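Got chain A; can you put chain B on it based on the hints?
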Amino acid sequence: MKFIKHNNVLPGFGPTMGYTLLYLSLIVLIPLSALVFKTAGLSWHDFISTVTEPRVLASYRITFGAALAAAGINAVFGVLVAWVLVRYPFPGRRLVDALVDLPFALPTAVAGITLATVYSANGWIGKHLEPHGIKVAFTPLGIIIAMTFIGLPFVVRTVQPVIEELDAEIEEAAACLGANRWQTFRRVLFPLLTPSVLTGFALAFARGVGEYGSIIFIAGNMPMVSEITPLIIITKLEQYDYQGATAVATVMLVASFLMLLVINLLQRWSRRYAG
Amino acid sequence: MPAPTTTYTRKTPGGRRITEPALVRWGLTAIALAFLALFLALPLAAVFSQAFEKGFAVYLAAIREPDTLSSVKLTLITAAVAVPLNLVFGVMASWAIAKFSFPGKNLLITLIDLPFSVSPVISGLIYVLIFGRQGWLGPFLEAHDIRIVFAVPGIILATIFVTFPFIARELIPLMESQGKDEEEAALVLGASGLQTFFRVTFPNIKWGIIYGVILCNARAMGEFGAVSVVSGHIRGSTNTVPLHVEILYNEYNYTAAFAVASLLAFLALVTLMIKTIAEWKVREQLE
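Residue numbers (numbering that gives the first Met the number 0), protein chains in the order written: chain A, 0 to 274; chain B, 0 to 286.
Everything labelled a hint here was simulated from the structure, so no lab data went into it.
As the structure is a computational prediction, the values presented were derived from the model and not from experiment.
All C-beta atoms, glycine included, are put in the ideal place defined by N, C-alpha and C.
You can take every hint at face value.
Chain B regions said to be covered by chain A (calculated; three or more residues, Cβ under 8 angstroms):
{"#": "1", "segment": "26-32"}
{"#": "2", "segment": "91-100"}
{"#": "3", "segment": "130-137"}
{"#": "4", "segment": "248-257"}
{"#": "5", "segment": "270-276"}
This is chain A alone, in the form it adopts within the complex:
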């Protein structure tokens, strides 16, 4: 790779790059390709009939629907939290700011059993909801709650730096031109924040779709009602149905690659805005 070296005196490109590619291939690329090859071994007919079983189809609806709802909740409250954290000083703000990352740091199994307990009929929150006829634990609503929990930091941490970077002069200019605060927000600030909000939404959505640990305890896991797709994969594996597990996993993998593509495009867009 001569064309790299002539304007760079730093050593070590060869060995570090070689090691990077080797380790990446061994840990990530070769194992992931195993999934693709295993699926290629299935006949098209088997593949389609496996991934369109009624129970599997229902799991897509539940997983993607709940992830969409949770990402929506996070898009609203995440932006609000980011806005408050940047703009309104209050005592303990740094502590609250650090707490926002809790869903990243708290193991999913712990989040799962805790949410299931808190939202169960006699849990801290559940006992106030149950008398009103709202059941959260062991229903699709529980899935949405768990996905909201794990997705929150994605929206806050994507939008927060953009709010910090907003130029005070833009708002001053809007005010000088006679806009009131709400008009300024709706016409000036909101368009500037949109790309980052969408990016955060997509990240939270993608995380929710793949999530397993924090959901299975609160979901109840009833086929056709509250069974998520990752659980279908696990169930098939436990029944030694490797082909079925592989087929469904491939559908999910393709979905997450599509989301990754969308997220990359959104990030490029928001960077151009922030530029």
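Quick look at chain B alone, frame taken from chain A:
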């Protein structure tokens, strides 16, 4: 899903800004805090409350139980292998990516981020497809009596996969922002490559490394989905702490489940604390 990149938050510039009426400010702050209290603080408090519900003696007994201790041991071993391997990779990759320019750099960064976009369940599945009885290497491993999946090596491999990008993705933007002037100066003054790295680069990225390592470690010790697929769920042998929590919970042994879970929740709090400090230090360095 790629985690959002680290943000080195700055203080609001100026200080005096046009802002909303006080009533609106307080109202929005109250709603935001109520949301966080309901969704984050309350579950966190619930872990510890449930863990200590039947008193300290019961708590201690649950933690001292031999199966719990062996799960703690396995989790520590797993993290002790996975984190250093990913650290070495992270430093190597960020050196190659941040200090040199080459075609395909963005593709390489995307590939490094890939494990974040893959569902944990699939992260475990792919190793079953390779090392399992029906997998690519299954017959060979069986003939030589080597067990990888449903045993400790599989748990470690799956953990390495899910924590793969943490340190690299933290160091790449940090090293890119620092440029290579200092390293070039050191080399011109006669330092060797390794001397340059350890004396010049390392002090600059020290807090970035700590940040990446602490997050990588938290995920390594807390991973559930991927590990659940490759573990044989054998009590006292292939159960990590999160898997042990699941077993206790499914046996309706709630107090013990939450007692063990509280260890992980404590780890999460320590992680957040060190992460916050590391963020401040990195920000200080960049300014």
